[in-house]
Amino acid sequence: MSEALLASESGGADAATASAPGSSGARQFWRRLRTQRAALVAGAIVALLVLVALAAPLLTALEGQDPTTYHPELIDSARGGVPVGSFGGMSAEHWLGVEPQTGRDLFARLVYGARVSLGVALIATVLQVALGIGVGLASGLGNRWLDLALSRATDVLVALPVMVLALGLLAVVPTGFPRPVLVALVVGIVGWGGMAKIVRAQTISLKALDHVAAARLSGWGGASVARRELLPALAAPVITYSALLVPTNITVEAALSFLGVGVKPPTASWGQMLTSADVWYQAAPQYLLLPAGTLFVTVLALTVLGDGVRTALDPRAASRLRVGTKRGRKGAAS
Amino acid sequence: MSLGSGFTGFVARRAVGAAVTLFALSVVIYAVFYVAPGDVAQITCGPRCSPAQVQQVAEQLKLDDPLYTRYFEFLRGVFVGHDYSTGTAVLHCDAPCLGLSYQTDQQVTDLILNKVPVTGSLAIGAMVLWLILGVGTGVVSAWRRGRPTERVLTAVTLAGTATPVFVIGLLLMILVCGQLQWLPFPQYVPFTEDPQQWAWNLLLPWVSLALIESAKYARLTRSAMLETLAEDHVRTFRAYGISERSLVGRHALRGALAPVIALSANDFGTMFGGALLTETLFGLPGLGRELVHAVRVVDLPVVVGMVLVTGFFVVLANAVADVLYAVADRRVVLA
Amino acid sequence: MSLDDHLVHVDGLSVDFGDVRAVDEVSFTLARGAALALVGESGSGKSTVASALLGLHRDTGARVTGAVRVGGVDVTGATDRELRRLRGGVAAMVFQDPLSSLDPYYAVGDQIAEVYRHHSGASRRAARARAVDVLGRVGIADAARRARSRPHEFSGGMRQRALIAMALACEPDLLVADEPTTALDVTVQAQILDLLHVLRAETGMGLLLVTHDVGVAAGSVDDVLVMRHGRVVERGGVTDVLAAPQEAYTKQLLSAVPRVDAVRDERSGELGDVVVEAKGLRREFGRGKGAFVAVDDVSLTVRRGETLGVVGESGSGKTTLGRMLVGLLEPTAGRLRHAGAEQRGTGAVPGVQMVFQDPVSSLNPRRSVGESIADPLRARGDRDEAAIRARVRDLMERVGLDPAHYDRYPHEFSGGQRQRVGIARALAAEPRLIVCDEPVSALDVTTQAQVTALLAELQRELGLALVFVAHDLAVVRQVSDRVAVMRRGRIVEYGSVDEVYDSPRDPYTKDLLAAVPALDPALAAERRAARLSRPPSAPEELAVA
Amino acid sequence: GPEDGNDAGGDGKAKKGGTLTVLNREPQKTFDPARLYTSGGGNVPSLVFRTLTTRNREDGAEGAKVVPDLAESLGKPSKNATVWTYTLKKGLKFEDGTPITTKDIKYGIERSFAAELSGGAPFLRDWLIGGDKYQGPYKDKKGLDSVETPDDRTIVFHLNKPVGDFDYVATQTSFAPVPKAKDKGTKYEEHPISSGPYQVVKNTNGGERLQLERNPHWSQKTDAERKAYPDKIDVRSGFNSSVINQRLSASQGADAAAVTTDTNLGPAELAKVTGDKKLAAQVGTGHFGYTNYLAFNPKKKPFDNPKVRQAVAYAVDRSSVINAAGGSSLAEPATTFLPDQESFGYQKFDHFPAGDSGNPKKAKELLKEAGYKDGLTITLTHSNAKNFETSPEIATALQDALKKAGITVKLQGLEDNDYEDKVHDAKDEPGLFLAHWGADWPSGGPFLSPIFDGRQIVNDGYNFNSSFLNDKSVNAEIDAINKLTDHDAAAKRWGALDKKIGEKAVNVPLFHPVYKRLYGKDVKNVVISDWTGVLDISQVAVK
Ligand SMILES: Nc1ncnc2c1ncn2[C@@H]1O[C@H](COP(=O)(O)OP(=O)(O)OP(=O)(O)O)[C@@H](O)[C@H]1O
Ligand SMILES: Nc1ncnc2c1ncn2[C@@H]1O[C@H](COP(=O)(O)OP(=O)(O)OP(=O)(O)O)[C@@H](O)[C@H]1O
Ligand SMILES: [Mg+2]
Ligand SMILES: [Mg+2]
Ligand code: NI
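Residue numbers (the working numbering), protein chains in the order written: chain A, 49 to 382; chain B, 4 to 338; chain C, 1226 to 1770; chain D, 127 to 669.
If you're looking for bench data, these hints aren't it; they were derived computationally from the structure. Remember, it's a predicted structure, so these values are computed and weren't measured experimentally. Every residue, glycine too, gets a C-beta built ideally from N, C-alpha and C. Worth double-checking, as some hints may not be accurate.
[Unchecked claim] Below are the DSS-like pairs computed for lysine-lysine, each with C-alpha atoms no more than 25 Å apart in a straight line:
{"id": "1", "chain 1": "D", "residue 1": "LYS530", "chain 2": "A", "residue 2": "LYS312"}
{"id": "2", "chain 1": "A", "residue 1": "LYS312", "chain 2": "D", "residue 2": "LYS426"}
{"id": "3", "chain 1": "B", "residue 1": "LYS65", "chain 2": "D", "residue 2": "LYS267"}
{"id": "4", "chain 1": "D", "residue 1": "LYS548", "chain 2": "A", "residue 2": "LYS312"}
{"id": "5", "chain 1": "D", "residue 1": "LYS313", "chain 2": "B", "residue 2": "LYS65"}
{"id": "6", "chain 1": "D", "residue 1": "LYS155", "chain 2": "B", "residue 2": "LYS65"}
{"id": "7", "chain 1": "D", "residue 1": "LYS353", "chain 2": "D", "residue 2": "LYS191"}
[As the list claims (entries may be wrong)] A few chain A residues that don't get close to chain D, going by computed Cβ distances all over 10 Å:
{"id": "8", "residue": "LEU88"}
{"id": "9", "residue": "LEU110"}
{"id": "10", "residue": "LEU179"}
{"id": "11", "residue": "VAL221"}
{"id": "12", "residue": "PHE225"}
{"id": "13", "residue": "GLN330"}
{"id": "14", "residue": "LEU361"}
In isolation and in its complexed conformation, chain A is listed as follows (with noise of 0.2 Å):
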């Protein structure tokens, strides 16, 4: 699979479809990406992995599981808990194997994890895509003193450790208050600094640019110059560093419930099931690897995606994606 994803972008935009003119710049948009086909094939992932959330439920149902009964006849006791059999008791009944000390279904577990990391990662990343942009632009453009307390603010979120931000929260947020949106919302707030430093840093290069300043002439304020002349510009470090932050909110989201700020047991989630597996590395490898596996997919696909769109998004990615490949097809060359 990583194979078909990692394909070459050379299968790329075509400078006749990427110029052909009197289409919008959305239909340009979507003709570039389709001639991607990694970027395609990273879709398809994406896709099917938020399939396989929804439908959790029906999923397992195939498999004849639930991801919290427990199965103790399917473990070792006297050794810790391992799966008894081979590759970590997979079998027709288990198609994953089953988790050690509890014998929970693998399969229902990481598909059900899947609602939950997905999930929380997605909407974290938006939160944090959209805090990011929002305090790097305006500290980028704003002047001297805007720029120094957003970004003395933005210091102020980064350095304070995570554990005492949720232990705020925690004590502020009212009991009854969702636990999902209480989990993004703090994996939201604790990551968005790095986006808002990496925003700033480039709109501080971008807006020495004579498009803007030719913006700020016709008249835009602030808010349409970032968003008509600066955003369009600022979609690769932000496309590619969301992919990343995916990841990273995956564990974050883990690392919370110990604050019992994480969703909550027996729920599984992917970064949970990291955390608790990665003890068992050796003893029952596929518990780690499965987690770890459908996570790197999860990037991977993400990065390959992002790639794509960015490529997708910029008119003049047709010359940027054949310069340097070998040589130009036949016919192509000068």
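Model the placement of chains B, C and D with the ligands on the given structure of chain A, informed by the hints.
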């Protein structure tokens, strides 16, 4: 109002910014710990202490004073220091005095000063390594874009982000220290004592952190470089026969530095509060572990001290970053 | 002549960008030491041909057919390695968009040195010395210090000269110069053209000069190729073509060339309100010892319906002044009033527009040109999509662009086309004042006439005030009511256009007017001889002066 | 525990010399005898601090006995066990050569009352006459009258109630001698004056690393318990437990002569070690008096109904709980509150037999009787600490088991401090929560009194009697047993009391942990007593 322009102005503004940041941090932490669960006196005295004894401890630690009084005391310590009793003698804690640990009565300043070199060594080395690894990978994948080399590199760096630091670190340790015995099991040796041993022992922690962090840098570098490669000025050099490698390595890389510098400043800053897992894994007596412990036992002075140090480094790292990219990109003025 | 005697041999070259055929069956040859001019309408495919000579279309998605041989290398079939040897070493290129063609992060001198080192294998030191040397030769004053500047610290003309210097540093057999003097005032332009001439004579360098300026071509080449719509419409010796054009298009081209001595038709006298007023404007860059005064004590007023022409030496502060007038740059000292109101600090002034000297960086590469032109309309609150589109199409048409190209992106346009996008955008929202910084430098004379006519028309209709910065004295005379001559940051002469042109008082103004290229190749040669026979220090002095 | 007894690892006889490395998780943050709360004098601290009595340094059950240390013999109690007298051995010296006197011991005890030196065990404050008022030697120069030192070798303790277990209490580090002249208050821990076989030569980073060397003034003749084989001891801490176990199993370089005093084998590591013969030989098994249980708050509905409590007791699936705790090698099912060791007075009983995996049928019946025909929904409070005792793993195992009996369990996981505050708060105690209790010394008293003595219910501080049991007969029996100075006699009656309380179903014992301790391949003379369950560092030899 204006603090002047130029470098002195910049330094002055940053100093003000740092002061405000640190002030805000300390207030936030006092506020959080005011509302957070955990009875400090009971925890300090031990769970089996009777209410009367707990009360004694509370008095000893001045926990019954109103919050603002305690905060004011803290500020006073920072600016003028304060006297404290060891029971047998009265000692002075010089300004900036961050108070005494509730748990061990050590001076927080000493406690932190002991740990800063450890965490600093860890953070600096790791950062250097992840920059080399990350930016290097980014450069190579931008250069070899679309080729097998790039695909392999992408997969490898992303695997780093998907694997827990624990597993990477432990596997490295088993392999390098246990099986191959190329390196000793890490233990912290101060730089001042033996620079070579210092580096030798920190190598594994550095590598583990770098493996995990580098993906971000690699991807970021690569995408920023591809952006730059599309620009007109690169065409100029291409038209002069400059090889793709130098185009990528020299011209495109320079354009990618801004986000990389910004992010590493951030990560470097956070590393001061956050390399907990690495520190426990490798038994490095750094700030991260101390901080987590202090939060658990509600050792407020220690937490405040640690977070202020982190905050200081975050601000410092960002200031350095700003100077760096003003140097890298002269169109940028120091704000 | 056999194939290999020719430095350049192009046979049946066609270039397609998708469905656009930019170059159609072009053939020509160029011998060693010879010079050929490619003239023609904006968008006629001149730059595309020039790029093809260095194989620059490779891997860009363009489809190239036909044979191109340069210096014995089959450019179409060459390997990447052969191509790299060809580029810079055998043939060097000066790009049309000089302002965005330098790496913003490195010192100008270092960039030249890098290229030089790449081809000569010289030491770092030697390369740097070489960079300073060539910068000096293209007339950059104080080259040793200026070599350390970043491109953004250079004026437009200086950047253009830096690129020429880069090309010269490599001592190529063939110089492909795409509009190499568009940002240069006439005196510096003359100096550069002389330099090229001397090099040709001394080293036998071949020259392919792409230009829209017939005057430039007249003085510098042996043969001319006139292009239109991707095809060659006329070719021949420069004297023949200029003196007795055969094709209707060539005739039209020549007749549209504006002349400095043409007396301008009087405009309706009554002057409007003051639109912008500057008093004692000053702008420094850098501080302390490295401080540099770009604009010094400049005072001027522009009224409604009036055009103020600004001419002057390259690097004399025209752009800096313009940016201050529109509020993009904060003056170090002095006062600025817009429509009577004091302007403080930076910030866009409503109703004021600018046409930027650098068309590349002034257009957002990620937005279609139509959207860029519509920008001011949307900004002022227009919401009616159909009306906006109609207005944009109208504007495009009026500046000579195909309205069907609304959805195209800037990189798909030629240099002159991009420049016109910038003009259309500036006009879109019917501003009070437009500061035009070299708005027609990349336009062929017919298009140029079309654009200046448009500006005049709008001025009549709307009372538009214009500040018109240009190096082409003839154009300035044609469009301006008053003119300011700048040199070293100061206005050295300021008066009504006829006064200044007909009875210049400042010696620099006189020099400028004398340096206007002649349309007659014989006259041009004569003048060059005169210039070159002056003491050798003269050109240097002229540049520094 | 049934399979105790680990004889020396490694080969050959133990010899003096070498350096012992200790790899620990927790740094020795404090090294002041007044602050240490340690069972039986601790481990590393017991190398430096000697106390009046100490634990018998033997394997298994033998190790649960108390023996004299600084004192010539065990304490001489008065008739009703309220006055205890000890006489010091002759020739005892501090590391600086000055003789150890009972004044130093008295001073050490007084220090432990100082609020400046918080921490430490609560017993003396509760039991010494005037202990509740005494503020320590810094604030209260007069001293504590209830500790008398008629001469340099005699020390007398006056207690406010009978404490038959006082010999056990005297093993606590607060009984270590502290020379008043050397006391530096809170700074004393930087260089505590050794009375034991080793002295601290370097303490780096607040206990991260302790380097100990022989105390030249210690004499084996006066110390029957500590073997002190190694010349040097190097304690390093702050490691992750997996790293510690990994290093011990690799046994490379200095790690071959390494032990750990605070780290067990986890289930994952156990799975690996049991498959490896060589490694399996490097594992010692320890038992420490400890019970993990499910606590009810009978003041809260529906747990006010004994039938509901019994139903829960029947429904519990101990094997899945044990699996969650690490499997049958790391935990043993508990049906009694007292740990399954003789010294506690353990008597086997199972009032609500749930078998290995619960008896949901019986539970359902009881629920029906209690009026919950259609099942019941309850909330189980647990902590989020990663301890496999009160943590989510155990809670979810119970949740799964109770489901079979028609009991729906909602989990309330709390941050650790939050959890501690809540479950020990008499006013806010949850209806059902996971709890644990460990022995301060191997006897039934410290195990049963704090949990079941009605007079120990604390309303304005940490309360441990979570069932609010205040039964006159139970209280009276506790008082009666406390008077006994014969440990065997007392043990029998503690066992009987445990059985009696068990009938009330105020909690459900779940399991007693078993500790597997890994040590380096060159380590010899491994002793693990039932008192601490930890490898006794004072016995270890590396040569
Ligand atoms: N990348 C591209 N994609 C599509 N069309 C292009 C591209 N580059 C150039 N063109 C089109 O090709 C034609 C020729 O462009 P070229 O740049 O060669 O013109 P030119 O003669 O140099 O004009 P100018 O004098 O304005 O610079 C123009 O119509 C332009 O719009
Ligand atoms: N950002 C800057 N930093 C330092 N020097 C600058 C900067 N911008 C312009 N200058 C200098 O100021 C002088 C005036 O520049 P300006 O761009 O105004 O010239 P110009 O008259 O527009 O020239 P040209 O006709 O060549 O475009 C030049 O010497 C230039 O090097
Ligand atoms: Mg062109
Ligand atoms: Mg200019
Ligand atoms: Ni507890």
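Going through the hints against the structure:
1. LYS530(D) - LYS312(A): Given pair LYS530(D), LYS312(A) holds - Cα atoms ~21 Å apart, limit 25 Å.
2. LYS312(A) - LYS426(D): 24 Å, holds
3. LYS65(B) - LYS267(D): 22 Å, holds
4. LYS548(D) - LYS312(A): Holds. LYS548(D) to LYS312(A) sits at ~19 Å (cutoff 25 Å).
5. LYS313(D) - LYS65(B): At roughly 20 Å apart (the allowed maximum being 25 Å), LYS65(B) and LYS313(D) satisfy the hint.
6. LYS155(D) - LYS65(B): 22 Å, holds
7. LYS353(D) - LYS191(D): 18 Å, holds
8. LEU88: For LEU88(A), whose nearest Cβ neighbour in chain D is about 40 Å away, the distance exceeds 10 Å, so it holds.
9. LEU110: 22 Å, holds
10. LEU179: LEU179(A) is indeed farther than 10 Å from all Cβ atoms of chain D, at 25 Å.
11. VAL221: Non-interface label stands for VAL221(A): nearest chain D Cβ at 13 Å, farther than 10 Å.
12. PHE225: 15 Å, holds
13. GLN330: Check fails; 5 Å does not lie beyond 10 Å.
14. LEU361: At roughly 43 Å from the nearest Cβ of chain D, LEU361(A) sits farther out than 10 Å, so the non-interface label holds.
The structure fails to meet hint 13 from the earlier list, while all remaining hints are met.
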